[in-house]
Amino acid sequence: MVDLPTEGVAQRGYRRDYLGTGVKWLGVLWLLWLQLSLLLLVIGQYNGAWPFYSVDLEPTWNSYTRGFLAAWVTSTTALMLLKRFEYFFSTLYLLPCELILADYVMMTATTVDECGGGVIRHSDLCKVESAIGAARWVTFQLRRYTWNTDRGVAPAAFDAVSIFDRRGPTARQVHGYENGYNLSTVTAILNRHGRNEIVIPVPTFIRAAGMEYFNYFYIYQLCAVWLTVYWDYVTYGLLLALLATASGLLKVYTERRQRCELRNMARVNGAVWAKRNDSWRRTTSDLLVQGVMIVVLENAALLSVDAVVIRGNAVVDESLLTGETMPIQKYQVPSPVADPDTADLPRSPETGNKKHYVFAGTKLLSATGVSKSDLPSASSGIGCLLVVTHTSAETLRGSLLRTLLFGAPLKLTWAREIRIVLGILITFGLVEFLILNAQYSFSMGSILTACFSIVGMINPLLSIAILGGQLAAASRLRSNKSGRFRLIGRSAKERDSRAAFANCDDEGDIGGNLRVYCMDVERLTLTGRLSQMCFDKTGTLTKTGLDFVGIVRVDAHKPTAQPKLLSFSGGPPTSGMEGLLGPGLALTHTVSVVGAKQRVGHQVELRMVEAAMSLGWVYNSDMSIVEEPAGLGKWEVLKQNAFDHHTMTMSVVIQNMESGEAYVFCKGSHEAVLSRCNFHRGEESAGSDTREVFEGLVVSAAEQYAAEGCYVLAIAARKLSGGSKGLTLSRHELEDDLELLGLLLFRNEVKPDSARYIDVLKTGGVDNVMITGDSVYNGAAVARKVGIIPHGYRVVIGDVVSSREVRWADLETQEEVDEESFFGKGSADEGRPTSLCVTGACFSELARENRLVSFIGCRGTCDNSRLRPGVRRPGLVDCSCARIRVFGRMTPHQKVSVITAYSRPPLNLITGMCGDGGNDSGALRAAAAGLALSGRVEASVAAPFSTDSPSIGSLVLLLREARASMCTSFASYRFLVVRGVIGSIGKMILMLYAGAYLTPFGFIYQDLVMNPLLLWALSMSKPSKTLARVPPEGSLLGPMMVMSASLTIMIGVIFLLAAFFILFSNDGEEWFARFDGSNSEVREWQKRSDNFEAALTWLWLSWITFDTAVCYSYGDVHRRPVYRNLTLVFVVLLTGTPLLVLLLASSSQFSCAFKVNCSLSDFQAVQYSWINWFLFPYEEVGGDVWYGEVPGNVMPVWLRWTYFGLFSGMTIAHHLSYKLICLGSVVRRTLPGMGWGAREVSPGFVRPYSRRTIFNRRGHNHCIDWGRSTRSLLGSSG
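The sequence shown begins at 1 in full-length UniProt numbering and counts up one residue at a time.
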């Protein structure tokens, strides 16, 4: 075995062996022979001839049955063992060998689950491929691993080769490829790296069906079909096989459709200009390789590679990739001459260097900075130059697709509990097997009867019971509604207009403009249990656009003077913009022009440009030169440094075209800009006290306006000595020794429906927190407006001061707050409840000190924690402990860490994330339910769910559908399980009381007509109009599931026994006699269904089947009322009417087909009916012989109506008990209060007494959860 630790892949080689291949095919032939022997035994038993060899004695039915059972058990056991040890058998017939000799390679990937699920391992046996002129390779998880012997001291292995360092290319490397490759070099790289295409493997329908059918469930169904066919129920057995096959094909079709959608999303075809032999050549995108220089033109097709911009700047649309609704600006990577200090540093696309990368799956909107002479002569003349860095599955798009296909498996509670349910069913079946055989002395007939009853418990539709509700919900979510507000092609103001929210009603119901795309239907069930929601701020809770409020002017030369607000609300100010403040406002941006003078850039910078234009500043066509008001002077932009998430700044170098003087302007967060100002660094002559006063005034002003809901940036400048020669300075040197000019204020208006839907979520049992990259003060203000911070709560801000000390301060008074005042036990009861808001630095410090979990979970000090289970809602929605509700100044990695902290022990909350893409994409993928407000009318790979609506009402819609889907899926599963159990019990009682069987036509009607139609109708239940107070029960073994199933079974059995009692009380009547069965063998079911007992059992079983389907369709609080499910109403009327006719009407040929209320004359006539066209000869109904004790089984009219009343009473008892017990306080409060189902409300709690004490640097005591340390949960976030 060879390990590749840098890639998390282990490789083990195998080669083909003739002996092993022969043994493999012998094993296959043996399994086929077992199936053939079963078929021969069935045919031989029908024809009375032993199929294998001649015998002197005539074979009996018992001898056939012994042979059949031997082959049947052997075949089933062999298939089960083959499935159980599938991984072992996949390499059993191959010889382990060195990788250089391998025909197959077992690839094992080991990755860390970013969702907090530990280590994930995925193994696959990959075939080694080769081609003429190309190195050998294997394809694993979409990536191509090429045979590589040049690995230094490491052994040769299949490697994901690259011409660049894995940490990213350097600026020197990418600028070294400006002249392009020659054809031979491109061919060599293609032979080694493969074509630039992401091939999503979509198996053929036959292969996919084979993989689907080779599992325990279908092996079990095959076992049931053979048994049924052998026992002369041929029609029923074939229909059973048809149902199993159809359900499997439906799953195969659904999964292949999803794979095909992913494959279509991965395909990016088109032609592109690439440089070959120092000239431009037109080539197809699949022939692009690493290191080639290409041109991306305006409005070209989607890019198929990740590439670094080396000349020019670009504006791209990344909505299909990251979900970002706004255009993104990209900047050329500095040349080694312009920035020699960073020329040899790796530039990974996952860091701040993302601004230099254009990714696969994005589209260029505009480009500037490249002369037409440098572009292909046949092109449009507008584009930028890029060097390809990643191709095919190595691109960011490929990485996202790998996450979707091979990421963390969903850890669903019910998926693990299915095994327990199957174990219970098997145990019940064994008990029934023993009871029946004890009654009939373990004869071959009784053994076969018991086996037939057991295999009938598990319905062939069970494999798609959960899937039905999910597919119906996903279809409704993505359905195209009329009148929907289209986002594409609209400006930010139009997307934020009232029209975008007009069709969302107060309850979150579909009003015509909401649509959600679901990339993974299985995730809907997990989403139904969601109890913790994290929101981004800008573009999610607030509008995408911003309003420019004004400038707070400061004067560093008058440090004690109060900052002055220059408001733009009522128009531009008439004074106060003198000096460098005007040029700073007009030029400190990276706005560019797209098409016909359409400006593109960050909303902050667009508003700055608009404010400057209102003052009279005039821009040229490409925004590079700007003229002062009244033509007093011109300024030119010489250099732009884009916003950096690590430094939290951006800067420009500009020059006064008249004086030649050059200046650097820098804007960013007020903390970052102040740290770069010379006054802050103490270089002024004033004393330290004066400096502190000045800084305090600035910080106080920034925090005050942020607390009022303003987005605050600081702007500073300095004059460059030597004029434009200052361009040679590094960015760090440029953004140093600055002089503060003022604060820029923007107002980010809350979306008109955000507060309403946050309230709907809270009412629906979902707790909400905010994770934003903006100021914690601005985040707190928005959180108060939308209701994330409850009304009346005190807000305490947590930040880190010197020496990593966490400081807590009251937002309103700015006074320092002692941690014990809100963190100690019982503090929630003392005075005003508190909400905490922390900065990214404070978050990291709490994580480093292993204290984060105690600050985000319920510590048991609030009134809600004292409520008993069943009264207390799950999660943190009602927790009033002082805990963090706003996370400010958070990096993308820290956002993922917050999701992880909520999701993993000890909190264990089902956590969702809602954002508009971009910096939220990591958190969207890490969350159990990530919803991207992508603004696209097609699915995005940024998150499992995406929507084209700007409203978080889409989240409410998603939760409503997810909860309804979960209830429907569980109801469908419960319906089939209970129907199987109660049917098995009914048949056992029938055998014990009368030794009788149900008719084959009755089996066919119930299992082929009733059950599939009712299951389909069950899945059509629509969600309620609003969210219920609590999520649905998420366990197959919870009180709701177990009690409802138990009630149905108990009530059904009681009423069946009552029905038999009424029937047997008529002993001695002329029309009735108990069925004796002594005149036939146990195995002769054809002679044991002509009686009253079989007819009564069939009527009861059919009635309770309808009754159970309707009962389990009750809307309760998560679905609409059962009468609103028109599909179910129609199916019940369609298939239930024949049942009433059979029960209440007199004898007819129709009733004789079911042997219910059948007279001898009609029974004789029905043998010529069309009904027998669908049955085999030994299954046909009708004839001259009636095997019952009396001719016919017609019940008197009074008895029919008695049974109608009895069955109606069963329905009333069933529905009343279901309403009062399962949907009432017994299941919801009493049983959880006794401990059953209490774990459903336990997530989110930190055990208050399982703590240890540590001390921070101020010497205060802090209680911390004794469980896993938060630092280990969050990895390197601290």
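In short, the hints are calculated from the structure, not lab data. Fair warning: there could be bad hints in the mix.
Said to hold, decoys possible - Derived DSS-like pairs: lysine-lysine, alpha-carbon spacing no greater than 30 Å straight-line:
| id | residue 1 | residue 2 |
| --- | --- | --- |
| 1 | Lys719 | Lys785 |
| 2 | Lys762 | Lys785 |
| 3 | Lys372 | Lys354 |
| 4 | Lys719 | Lys564 |
Going through the hints against the structure:
For the hint linking lysine 719 to lysine 785, the alpha-carbon distance of about 42 Å lies beyond 30 Å, and the restraint is violated. Of the pairs offered as hints, the one joining lysine 762 and lysine 785 holds, with about 14 Å between alpha carbons and a cut-off of 30 Å not exceeded. Proposed proximity of lysine 372 and lysine 354 is supported: the alpha carbons are some 26 Å apart, at most 30 Å. Only pairs whose Cα atoms come within 30 Å are accepted, and lysine 719 paired with lysine 564 is accepted, the gap being roughly 24 Å.
Hint compliance for this structure: hint 1 is the single one not met.
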